[in-house]
Amino acid sequence: MTIALAMLNSQQLVHLSGVDFVIVVFYFALVLAIGFYLKEQANTGEDFFLAGREMTAWVAGLSFLSANLGALELMGWAGASYQYGILAAHWYWVGAIPAMLFLALVMMPFYYISKTHSVPGYLKLRFGESSRALSSISFAFMTVLMSGINMYSMALVLKIVLGWNINVSILVSSVTVAIYVALGGLRSAIFNEVLQFILIWAGALLIPILGLVEAGGWSGLRARVTANASAEYTHLWSTLGKFSDNPMGIHWTGIVFGLAAVISMGYWTTDFLVVQRVLSAKDLRAAKMAPIIGAGFKMLVPFIVILPGLLAIAVLPIKLVGEGQAIVSGGHSYNEVLPLMLARYCGPGLLGLGITALIAGFMSGMAGNVSAFTTVWTYDIYRALIKKDASDAHYVSMGRWSTVIGVAFSIGTAYLVMDFKSIMDYVQALFSFFIAPLFATVLLGMLWTRATPAGGFWGLLAGTCASVGMWAWVKIDPTALRYVALSPYARDMAENMYRALWSCLTAGLVTVVVSMVTKAKPVSELKGLVYGVTEIPAESYVSILHRPWFWAVVVGTGFVVLNVIFW
Amino acid sequence: MKPGGSISIWFFVGISLLVNGVLILGAGIYELIHPPEVRVVLFGLHAGIWWGGILTALGAGYSVYFAPGKGRG
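From first to last, the protein sequence lines are chains A and B.
Counting in my numbering, the final residue of the first sequence is number 738, and the numbers go up one at a time with none missing.
Counting in my numbering, the final residue of the second sequence is number 124, and the numbers go up one at a time with none missing.
Hints in this document: simulated from the structure, not taken from any laboratory.
It cannot be assumed that every hint is accurate.
To be verified - Label-pair restraints from in silico Cβ distances:
| no. | chain 1 | residue 1 | chain 2 | residue 2 | range |
| --- | --- | --- | --- | --- | --- |
| 1 | B | G104 | A | G729 | 26 to 36 Å |
| 2 | B | V115 | A | S401 | 46 to 56 Å |
| 3 | B | Y116 | A | V713 | 19 to 29 Å |
| 4 | B | Y116 | A | S562 | 35 to 45 Å |
All values reported here derive from a predicted model rather than from experimental measurement.
All residues carry an ideal CB built from backbone N, CA and C; glycine is no exception.
Throw the hints in and build the complete structure from the sequences for me.
Shown next as structure tokens:
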């Protein structure tokens, strides 16, 4: 009898051996050691909040990606691929790569040249204080919620896999993150994110390798998925012609216009959680290269997240169900795909590394949110609205304290998340509330000199209100789905895509209309902030192999090839 | 340039891979000599041995190459 079968009959999936415990404890010790080591290099505001702006392209790029590799990426998307098939890979390819390249080549110069410390900080320079206040408060709210999601997810993993108490898991993980971020600031978060990125790959890569061996390669996997679920589960685009033809209940227009053009663009170019990592780059070329390096690795992440979900359909002897049904029936939910696959293939040592990879993923997501929250709270809320002229040391101290307070709020959120049926859908709803309208406002601000401060503020507010309003409408009257998502067959994911699209369009439209009837800023005040009136430094002094556009073409070609292969 | 001080981030990465690799390799060799009664799927491939070996080699390489005082990073 295998461990995989044994665990299906027990409440706790696996028992860690002594060597597994050593690996997990060593990880916690190392991340804390890095925090204590870097404390001495986090004395000024520039050090604490922007890591001294001295990160290389590789460090900034891996950190940029790792901050995104939280609960959503690991547990959530592996579960989503079991539920929806390879369609989930859209969130890694068309839903990420074009946006990351757009950030690198088009938007990064404005963020970097303006010397802003945050995305709300850019809004202050471009549109004024009211837009910054609206954006920073909604962002702070979102990051605390997201951090709580990471906490809850990690505690859930530890409870399911190891039988650990969920309260103790939340406490241990949150205290660890609070210590290393409060000590070393963004630099400590970035160092640990790079370490976590490597550990995630080291711990998770064995699952697809061994899974493909068991399934008989890609052709064997496709045959088994077709037999156990449906042939549609292995096609990326060919089933998106009708809402009812694919497991996600989505149309290609939702993927292209909702996901790729709005949610993905909004997240990767204006969510300060990820943009903050790139702002820490040592120069403009490194800042442009970092998202391109991140995009290159992002294309590969489906092999450790999406593939295990498909492999679970092919090889697991049980059927996974939704979170609510799992609680009622005592079965296993979609979100348990990765732990189940880990337990299936990994013996002593490997299991410890796999569990460490999951913990690392959750902690990087948590730390990313906490460090971004700390910066926005300190610079864009506390300094802008509460205490304007304190010393640099005072703001660093506030940064350390707000880290601890942010973690405390996140703990509260973690308990709130427990009542939601699906982690994934919850996260996507948050994006459509805050990020989709923000993208329209920032993009118009960067590309259109005529956009006015009033236009920016009212556009952002209208887009956010429209998104929350549509969400509430469907909650109150489910038949409203046919209007919001254009089809009564649409599932939660599809609804989120279309809601994001409408809220972004609302924000853009209101920004344009209000801008046309209000007074624009003089062009002299827009230098360094807007395309057409900003001089971008040339890169003619470096070889072609060091130019961002060259690597953007390489990554873009890989992106097209992958989409064609899995069409 | 080493962002953050005199110890490169890649040295920390190397140490982490080295320690994990040695532990996994050791556990894999122990299981080869003393096979457990309850086994994981594909136990016969002894993934712990070759995966632990790869991590050990990578970790050792990074730890030596980016060791403090060598000016790399």
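To see whether the hints hold, each was checked on the structure:
1. G104(B) x G729(A): 26 to 36 Å: For G104(B) and G729(A) the Cβ distance comes to about 29 Å; the hint holds.
2. V115(B) x S401(A): 46 to 56 Å: holds (51 Å)
3. Y116(B) x V713(A): 19 to 29 Å: holds (25 Å)
4. Y116(B) x S562(A): 35 to 45 Å: holds (41 Å)
Checked against the numbered hints given earlier, this structure breaks none of them.
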